[in-house]
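Residue numbers (this note's numbering), protein chains in the order written: chain A, 2 to 113; chain B, 7 to 117.
Source of the hints: derived by calculation from the structure; they are not laboratory data. Where hints are given, some of them may not hold.
Covered stretches of chain B, going by a simulated chain A footprint (3 or more residues, C-beta under 8 angstroms) [said to hold, decoys possible]:
1) 51-62
2) 73-84
3) 108-116
In silico PhoX-like links for lysine-lysine, alpha-carbon gap of 20 angstroms or less [claimed, not checked]:
4) LYS4(A) / LYS71(A)
5) LYS4(A) / LYS101(A)
6) LYS101(A) / LYS58(B)
7) LYS101(A) / LYS60(B)
8) LYS101(A) / LYS9(B)
9) LYS56(A) / LYS71(A)
10) LYS112(B) / LYS9(B)
11) LYS19(A) / LYS4(A)
12) LYS58(B) / LYS9(B)
Glycine is no exception: its CB is placed at the ideal position from the N, C-alpha and C atoms.
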Amino acid sequence: DVKVTQSSRYLVKRTGEKVFLECVQDMDHENMFWYRQDPGLGLRLIYFSYDVKMKEKGDIPEGYSVSREKKERFSLILESASTNQTSMYLCASEQGTNEKLFFGSGTQLSVL
Amino acid sequence: LAKTTQPISMDSYEGQEVNITCSHNNIATNDYITWYQQFPSQGPRFIIQGYKTKVTNEVASLFIPADRKSSTLSLPRVSLSDTAVYYCLVGPSDSNYQLIWGAGTKLIIKP
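Chain A with its partners taken away, still in its complex shape (with noise of 0.2 angstroms):
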C-alpha cells in the first residue's frame, strides 16, 4: 500500500513562528498536494507540485510556501504563523493525472 506520512499528528506553536511541515510518500508519485481541512468545511488546497522544483498555487496559498527538493517529500512552510493558520493540515500524493490521492493522517497545528 501507498504510504504518505507526516511528521507530526500535532504541533503546537506561537505566533510569528516559522513553521515546517513534512511529508513523505513511498511509491514514487509524481504530484503531491497540500491542503488545510478546517471544522464542517470541506479540504482547500494550498499548494500543490507535479515535479522536484515544481510548484503551483491552489485555492488558498497566502501566507504559505512549499518546497520539493526531492520527488519523495513535500514540505509546506508558514513564514510567520498566525492565529488563523490553526487548523488540520494534510498532505496527499498521486502517481497521475486523476488518479486517487492518498493522504496522510493529517497535522492538527495550533498557533497561540
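With chain A's structure known, arrange chain B on it following the hints.
For chain B alone, coordinates are given in the frame of chain A:
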C-alpha cells in the same frame, strides 16, 4: 468547475444498505465523479470513481444516470465502522488539483 451538493448528515442502522446522493448539475463532459471517505483525525480515503452508468468495487457501488447530473454512492450492509464523512467530488480528467471539496455527508451508523 462543477460544484456538488450532498446531504449534510444521514443516519442508518447496521446491516442496512445506505445510499448517499450527490447533485452536480453543472458537470462537464470530461468530468469524473469520485467519492472519498474520511474518519475522524485521518485523511480522506478513496472509495470509488466513475464516469457513467454503474461502477462496483469491493467496498461500494456508484450509480450515475444518463444525464450525469447526480450520482449515488451505495454502501451495502453497513457496519458501525462505516460511520464517517463521505465526500462527492467532480473534476476534470486531467488533474486532481481542480477538485472542489464540499463539507461532505456525515454518515452515522447505529447499532
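Tested hints:
For the segment 51-62 of chain B, the assignment as covered by chain A holds, since 3 residues bring a beta-carbon within under 8 angstroms of that chain's beta-carbons and 3 suffice. Check on the segment 73-84 of chain B: 0 of its residues sit with their Cβ under 8 angstroms from a Cβ of chain A, so the three-residue criterion for coverage is violated. For a cut-off of 8 angstroms, the count of residues in the segment 108-116 of chain B with a CB near a CB of chain A stands at 3, and the three-residue condition holds. A C-alpha spacing of about 16 angstroms is found between LYS4(A) and LYS71(A), which places the hinted pair at or below 20 angstroms, so the restraint holds.
A C-alpha spacing of about 13 angstroms is found between LYS4(A) and LYS101(A), which places the hinted pair at or below 20 angstroms, so the restraint holds. Simply put, LYS101(A) and LYS58(B) have alpha-carbon atoms about 17 angstroms apart, close enough for the 20 angstroms limit, and the pair holds. Between LYS101(A) and LYS60(B), the direct Cα distance comes to roughly 18 angstroms. Compliance with the 20 angstroms bound is thereby established for this hinted pair. Taking the CA atoms of LYS101(A) and LYS9(B), the gap is near 19 angstroms; set against the 20 angstroms cutoff, the hint holds.
In summary, the hint linking LYS56(A) to LYS71(A) is supported, as the alpha carbons are separated by about 13 angstroms, within the 20 angstroms threshold. A distance of roughly 18 angstroms separates the Cα atoms of LYS112(B) and LYS9(B); the hinted pair therefore holds under the 20 angstroms criterion. As the CA atoms of LYS19(A) and LYS4(A) are separated by approximately 27 angstroms, the hinted pair breaks the 20 angstroms bound. Distance hint between LYS58(B) and LYS9(B) is fulfilled; the C-alpha atoms sit about 18 angstroms from each other, no more than 20 angstroms.
Of the numbered hints listed earlier, those contradicted by the structure are 2 and 11.
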